[in-house]
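Visitor: Listed here are the chains, written in short residue letters.
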Amino acid sequence: MLDLLSGFVTELRKAGLPVSLTEHLDAAEAVHHIPLEDREGLKYALAATLVKSSSHWHAFETAFEVFFAVRTKGMDGLELDADGNEIDNDGEGDAAGTGKGGQKGRGKGSGGGEGMSAEELAEMLFKSLMSSDHGLMNAVARGAVDRYAGMEPGRPVGGTYYLYRTLRNLDLDGVLAKLMAQAQAGAVGGALTDLEERLAADEYKARIEKFRRAVETEIRRRLVEDRGAEALARSVRKPLPEDIDVMHATREELAVLQRVLQPLSRKLAVRLARKRRHGHKGPLDFRATVRRSLSTGGVPIEPRFRHPRPSKPEIFVIADISGSVASFARFTLHLVYAISAQFSKVRSFVFVDGIDEVTRFFEGVVDPADAVARINQEADVIWVDGHSDYGHALTEFHRRWGDQVTARSSVLLLGDARNNYHASQSWVVEDLQRRARHVYWLNPEPRDYWGSGDSIVGEYAAHCDEVVECRTLRQLEHFVGNLA
Amino acid sequence: MSAAGDARTAAKLGLPDVGPPRFASLDAVRSGLGDVGYLADDSISGVVYLADRLAKPVLVEGPAGTGKTQLAKSVAELTGARLIRLQCYEGLDESKALYEWNYRKQLLRIQAGGPGEIESGGAGATAGAGGNGHRGPSWKELEEDIFSEEFLLTRPLLEAIRSTDPVVLLIDEVDRVELETEALLLEILSEYQVSIPELGTVRATRLPMVFLTSNNTRELSEALKRRCLYLHIDYPDLDRERAIVRSRVPGITEELADQVARIVRSLRTLELRKAPSVSETLDWARTLVILGTETIDAAGARDTLHILLKYQTDIDRAAKELLSVS
Chain A
0 MLDLLSGFVT ELRKAGLPVS LTEHLDAAEA VHHIPLEDRE GLKYALAATL VKSSSHWHAF
60 ETAFEVFFAV RTKGMDGLEL DADGNEIDND GEGDAAGTGK GGQKGRGKGS GGGEGMSAEE
120 LAEMLFKSLM SSDHGLMNAV ARGAVDRYAG MEPGRPVGGT YYLYRTLRNL DLDGVLAKLM
180 AQAQAGAVGG ALTDLEERLA ADEYKARIEK FRRAVETEIR RRLVEDRGAE ALARSVRKPL
240 PEDIDVMHAT REELAVLQRV LQPLSRKLAV RLARKRRHGH KGPLDFRATV RRSLSTGGVP
300 IEPRFRHPRP SKPEIFVIAD ISGSVASFAR FTLHLVYAIS AQFSKVRSFV FVDGIDEVTR
360 FFEGVVDPAD AVARINQEAD VIWVDGHSDY GHALTEFHRR WGDQVTARSS VLLLGDARNN
420 YHASQSWVVE DLQRRARHVY WLNPEPRDYW GSGDSIVGEY AAHCDEVVEC RTLRQLEHFV
480 GNLA
Chain B
0 MSAAGDARTA AKLGLPDVGP PRFASLDAVR SGLGDVGYLA DDSISGVVYL ADRLAKPVLV
60 EGPAGTGKTQ LAKSVAELTG ARLIRLQCYE GLDESKALYE WNYRKQLLRI QAGGPGEIES
120 GGAGATAGAG GNGHRGPSWK ELEEDIFSEE FLLTRPLLEA IRSTDPVVLL IDEVDRVELE
180 TEALLLEILS EYQVSIPELG TVRATRLPMV FLTSNNTREL SEALKRRCLY LHIDYPDLDR
240 ERAIVRSRVP GITEELADQV ARIVRSLRTL ELRKAPSVSE TLDWARTLVI LGTETIDAAG
300 ARDTLHILLK YQTDIDRAAK ELLSVS
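In the order they appear, the protein sequences are chains A and B. Using numbering that gives the first Met the number 0, the letters of the first sequence correspond one by one to residues 0 to 483. Using numbering that gives the first Met the number 0, the letters of the second sequence correspond one by one to residues 0 to 325.
Treat the hints with care, as some may be off.
[Claimed, not checked] Just so you have them, the derived chain A footprint on chain B, three or more residues with Cβ under 8 Å:
1) 35 to 49
2) 229 to 243
3) 254 to 266
4) 276 to 288
5) 293 to 306
Just so you know, these hints were derived from the structure itself, not from any lab. A virtual CB, placed ideally from N, CA and C, is assigned to each residue, including glycine.
Using the sequences plus the hints, can you model the full thing?
Guide: This is the structure we're talking about:
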């Protein structure tokens, strides 16, 4: 058990979770107090001692599923026996079959498929979702994986493809429609009201999600049996939300990012506001000090200081929102506006090959996300063909707003500087640097790629105070935090 | 096994005895919490159980209004312990959280002279006699005297440590204090002791159960997190929320509770600025009961939505998405 635990802790560390030695020891001690057969209890005991941030929960859960999956097999079998369904017997046989070895497991798997036709499987799935019966759901998941996943032993994959194959064959959308139709037909007063319909839909979606998880767990379990926990853990390891590479994020990852962005920006705003409040004192307020000293007989025991007048910079954000870097620009704008109280003024511009000011979208908006969403639809950023042209966009910026950049402004340029071999017009940046207090360039590409292909970030970099690599939210937050 | 664990815990903390465990088993925690009206799920009861066995504080995080503070209260009720609460705020310092010397009393004591004279002569006479070469106790004696426990004002943390009856210590909203002030808590959280320079170290005679809550407005320090068990309380799932509504709202019918829980769950899937919390769900359910609602229809829900949601934009969005009224 202790060996398993150390392996698990090592895996968590590899996934980027900060697990200290003390926490490892705590976990080892906590395990003593939990009855071994209680898997859920074990999970929460480990979570309580090892994971100290809710955003790490997902990574922990994945690793846990992998490392402690094998043990549950026997238990599942028992549960199924108790249920005593014909399907369950089938499922149990398969579990035993896969246990013997990868090759055989597969043979047996197709056998299980024969035992249950596609229609039967669909029928059982429908029934299990209708009644929200857990045992049945797991059994169906097992049968579906047998039949559709077509797992090949020894392949170093994380199982996403198997999951996709299984679910595609089950046609969950169709099942949902069927469930809804059933609910409509079974309604008391003829038809469901809109509210009832929506509630029913949410209910079934939640159940389907549960089923999807059952399938995922089942696939993971088999992969662990095939290749061992540590090998699989390597394939399913995902970066923590803060470390996701924004430019190459999948749609799911973007959704995760969107979710963590809100609390992140709120925390950043609170931290900066506090820093400002508790930061330096202003100069000595002589008059107030003397006035105060009267109560101590003229001895200035407690000097008074003026309130500090922190200089708040004016920010110009100029962001490339073409294709690949668009999501990065969105996150940056979101973050900058979330802490806009720290700046005297924030003005934002977006470009592809034309440029447009989008400050107006953010005015009077409570949630920056709304404004960011509007930018994509309404900003006028196409000049010729909708391929990035930094040169033209910058020249245009200089012509229309260049004289408004003053010594109090900081300019942030966002983009990968992949200019499609147009002219760079880097004199604009040079001129901006002369006018503004600071010019920063945030590049969402890894530093190694800078200057390769049509990237001309080097030409601009010569005129920037700093060019920063900003691939992840962590880096972005760090930069924005320092800015204010 | 548990007895050995206790002895080990006691040895680790340098205590003669940590007392018998408060809970016999995991199930005892859950059913016990249920009896005092707190419906815990697996993770909550598991962590409370471990906190007792490992003698560690629990750091509870989660969205507002999911019963973080209530958990500490319920555990106190369950174990028959006194709840000592330290509400954190910006600017909280040692003298408000740990202890403070009672300066006024110390001053009086210095003016009054030695203890013997107070009994025989009276304060005024002694103070006057000071000038006549009759000196009270020596400065050293006096110093020892005024820095004794008699002149110590205990604040919540010290009080929890010194208490001889069972205590649950709740440090509420710990994320509100500054990073530096957090350091104050570290000694008490890991060693259950408080060091007072003039007095020495005060050790706990009975280990208090400690709960810290945080609304996650800032990242807590690693040092603090390391010393605690971590518990994240999220919004409850459908079944648990329904059970909570049923147990906390008297006179609610089963169908109504079910409907309330389901609507709230659907609301939480929308992108709202502030998702409805459990306490708001309860408020809503109570309102519906008072209004005599039997089943919720779109119009009824629209009229009472402002109890669940606190932003006009949220209300509008919910009404549009869920109730199809604009």
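Visitor: Now tell me if each hint is right for this structure.
Guide: Right, here's what the structure says about each hint:
no., hint, verdict
1, 35 to 49, "holds (count 6)"
2, 229 to 243, "holds (count 5)"
3, 254 to 266, "holds (count 5)"
4, 276 to 288, "violated (count 0)"
5, 293 to 306, "holds (count 4)"
Hint compliance for this structure: hint 4 alone is broken.
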